[in-house]
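> Here are the chains, one letter per residue:
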Amino acid sequence: MQKKPLEYYSDPLPGVDYSELHGKLIVIEGPDAVGRSTQITRLRSWLEHEGHAVLVTGMSRSALAGKGIQQAKEGNTFGPLTMTLFYATDFADRLENEIIPALRAGFVVLTDRYIFSLMARAIARGADRDWIEKVAGFALVPHAIYYLRADVQDLVSRVVVGRGAFDYWESGMDMRFGNDMYESFVRYQTRILRALDNMAERYGFRFIDASRPPDVIFKDLQASISDLFEPAQPRIASGPLL
Amino acid sequence: MPYFAPNQYRGKLIVVEGIDGSGKSTQISLLSQWMRSMGVAVAFSEWNSSPLVKATTKRGKKKQAFTPTTFSLIHATDFADRMERYIIPMLKAGAVVCADRYAYTAFARDVARGVSRSWVRNLYRFATRPNVAFYFRVPLEVAVGRILGGRNAIKYYEAGMDLGLSKNIEESFRLFQGRIFQEYEAMIPEMGFHVIDATQSIEAQQQQMRDIVLREIGDSLRSGVLRTEGVIVSAEKTA
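Protein sequences, first through last, are from chains A and B. Each residue of the first sequence is one higher than the one before, counting from 1 in our numbering. Each residue of the second sequence is one higher than the one before, counting from 1 in our numbering.
Treat the hints as calculated values from the structure; they're not laboratory data. Note that the structure is predicted; figures quoted are calculated from it, not measured. Be a bit skeptical, because a hint or two may be false.
[To be verified] Label pairs and their computed distance ranges (CB to CB):
1) B/Gly39 to A/Gly75: 33 to 43 Å
2) A/Asp209 to B/Ser25: 54 to 64 Å
3) A/Asp197 to B/Ala5: 26 to 36 Å
4) B/Gly39 to A/Arg194: 48 to 58 Å
5) B/Thr26 to A/Gly75: 29 to 39 Å
[What the hints assert, rightly or not] No more than 27 Å apart at the CA atoms, straight line, and that leaves these computed lysine-lysine pairs for DSSO-like:
6) B/Lys58 to B/Lys167
7) A/Lys219 to A/Lys67
8) A/Lys67 to B/Lys155
9) B/Lys167 to A/Lys73
10) B/Lys58 to A/Lys67
11) B/Lys61 to B/Lys167
12) B/Lys92 to B/Lys58
13) B/Lys92 to A/Lys67
14) A/Lys73 to B/Lys155
15) B/Lys155 to B/Lys62
16) A/Lys67 to B/Lys61
17) B/Lys63 to A/Lys73
18) A/Lys73 to B/Lys92
19) B/Lys167 to B/Lys155
20) B/Lys58 to A/Lys73
[To be verified] Away from chain B, derived, C-beta distances all over 10 Å, residues of chain A:
21) Lys3
22) Gly15
23) Ile40
24) Thr57
25) Gly75
26) Arg129
27) Lys134
28) His143
29) Val156
30) Ala165
31) Phe177
32) Glu183
We put the CB at the ideal spot given by N, CA and C, even for glycine.
Please build the complete structure, drawing on both the sequences and the hints.
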């Protein structure tokens with residue numbers, strides 16, 4: 001996709017002046033249990049130490065829809081399309097009310113997942129790829145998308161050793177991909193990984209091998225993110241920053 | 001680009017559209033009663049009525065927290081829930097589903113709010129294509145007069161106050177409804193609406209609707225859809 005950072009993918013948001021945005025938008029993507037939040041916590045302190053103002057945001061944390069999604073998950077019917085669109089509402093609310101204002105103020109926005117997980121979950125549940133790509137087409141193009149990639153068996157180990165139990169939603173049990181949580185987890189996460197892999201080239205993901213120790217991963221991310229600020233950041237996006 | 005998925009089910013889908021105050025709710029209610037009285041199993045779905053999404057919509061409206069995009073998306077979420085949980089199962093079961101407002105409402109309102117036309121049309125691509133779609137056409141001033149004269153205060157989003165068209169709520173309502181009206185008018189050929197002149201008497205409008213329904217899906221109503229009793233539907237005048 002020939003789009004510059006902080007442009008929209010396919011449809012502009014009404015009322016947004018894109019020329020006012022000049023922060024950095026950095027996306028950490030990857031499947032469940034791959035270790036995204038550990039990295040984000042460390043990246044945040046490092047970036048703040050470097051003198052950047054940082055906003056961290058992530059899925060279903062919006063003021064508007066976060067609670068509604070939580071309640072819907074507790075109920076007994078949450079259809080795949082409804083879920084996808086509820087998450088899209090949540091994303092739009094955070095984009096317009098948190099991410100864009102922060103970028104306008106020159107913040108570094110670190111986001112724990114972005115439209116890619118949202119799209120991958122929809123695709124894993126049978127949604128049409130063109131449909132969901134266009135639905136999410138109001139998203140801003142990030143400066144960098146780091147794809148923390150690990151194999152399904154690696155994710156399984158992390159869940160079993162790290163968390164001690166499979167989660168209903170992380171196992172895609174709403175779709176009953178398998179007879180039990182383990183089988184469903186393996187099939188669902190395989191679909192998610194396939195969907196994300198298929199997006200990698202189109203959206204310019206940067207692969208990070210997440211099977212390595214957290215320290216090594218962090219050093220990789222740090223080195224790559226440093227480059228986003230080199231050479232000295234122009235005050236206005238007068239040219240490609242990448 | 002095809003807007004909707006074709007209706008492959010045994011049941012049929014009838015929708016009514018039009019600006020506020022066009023009288024469409026009265027008409028779809030009369031039409032449902034008529035079909036029920038003839039032994040057809042009828043289901044009814046109203047715009048913005050999903051219990052799953054209700055609390056979120058309410059929160060957003062109360063705090064005036066919606067942008068055109070989130071307003072559009074939450075209504076699509078509501079629609080998806082009704083589609084997945086109610087409309088599709090009813091159509092599969094063979095009922096005639098009557099919908100008071102459908103995706104076209106979003107096409108008109110959200111575009112009037114500045115959302116991209118092609119984006120919102122794509123958003124609802126999962127919707128089932130109606131077998132019959134009625135559009136109740138009424139001059140803007142008549143509809144606005146009915147709403148302003150008829151009931152309680154107009155609400156913030158209903159009047160499009162979020163767009164800042166005017167500080168006066170009635171004036172804003174007029175301007176916003178005018179935009180919606182234009183979107184509906186432009187959709188007539190695109191969407192194949194059956195246009196009903198909503199300045200006619202209630203009886204005349206209803207007669208016209210029944211004639212159209214019999215012409216379009218009469219065979220299915222007689223044999224095809226789920227029936228509640230053995231009554232044969234006939235094309236007798238009812239007015």
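> CA of B/Lys92 to CA of A/Lys67, is that 27 Å or under?
32 Å, violated
> Taken at face value, is the distance from the CA of B/Lys155 to the CA of B/Lys167 at most 27 Å?
Since the Cα atoms of B/Lys167 and B/Lys155 sit roughly 13 Å apart, the hinted pair holds (cutoff 27 Å).
> Taking 27 Å as the top limit, are the C-alpha atoms of B/Lys92 and B/Lys58 close enough?
31 Å, violated
> Just tell me: holds or violated, for the beta carbon distance of B/Gly39 and A/Gly75 against 33 to 43 Å?
35 Å, holds
> Given the hint that B/Lys63 pairs with A/Lys73, does the C-alpha gap stay at or below 27 Å?
The hint holds at about 23 Å.
> Does the Cβ-Cβ separation between B/Thr26 and A/Gly75 fall within 29 to 39 Å?
33 Å, holds
> Minimum Cβ separation between A/Val156 and chain B greater than 10 Å?
30 Å, holds
> Is it true that the CA of B/Lys58 sits at most 27 Å from the CA of B/Lys167?
Holds: B/Lys58 and B/Lys167 sit about 23 Å apart, inside 27 Å.
> Was A/Ala165 rightly flagged as not at the interface, with every chain B Cβ beyond 10 Å?
Nearest chain B Cβ is 27 Å from A/Ala165, so the label holds.
> Would the least Cβ to Cβ distance between A/Gly15 and chain B come out above 10 Å?
Given a closest Cβ separation of 7 Å, the condition is violated.
> Tell me if the straight-line CA distance from B/Lys58 to A/Lys73 falls inside 27 Å.
19 Å, holds
> If we take the beta carbon of A/Ile40, is the closest beta carbon in chain B still more than 10 Å away?
25 Å, holds
Against the hints set out earlier in the document, violations occur for numbers 7, 9, 12, 13, 14, 22, 25, 27.
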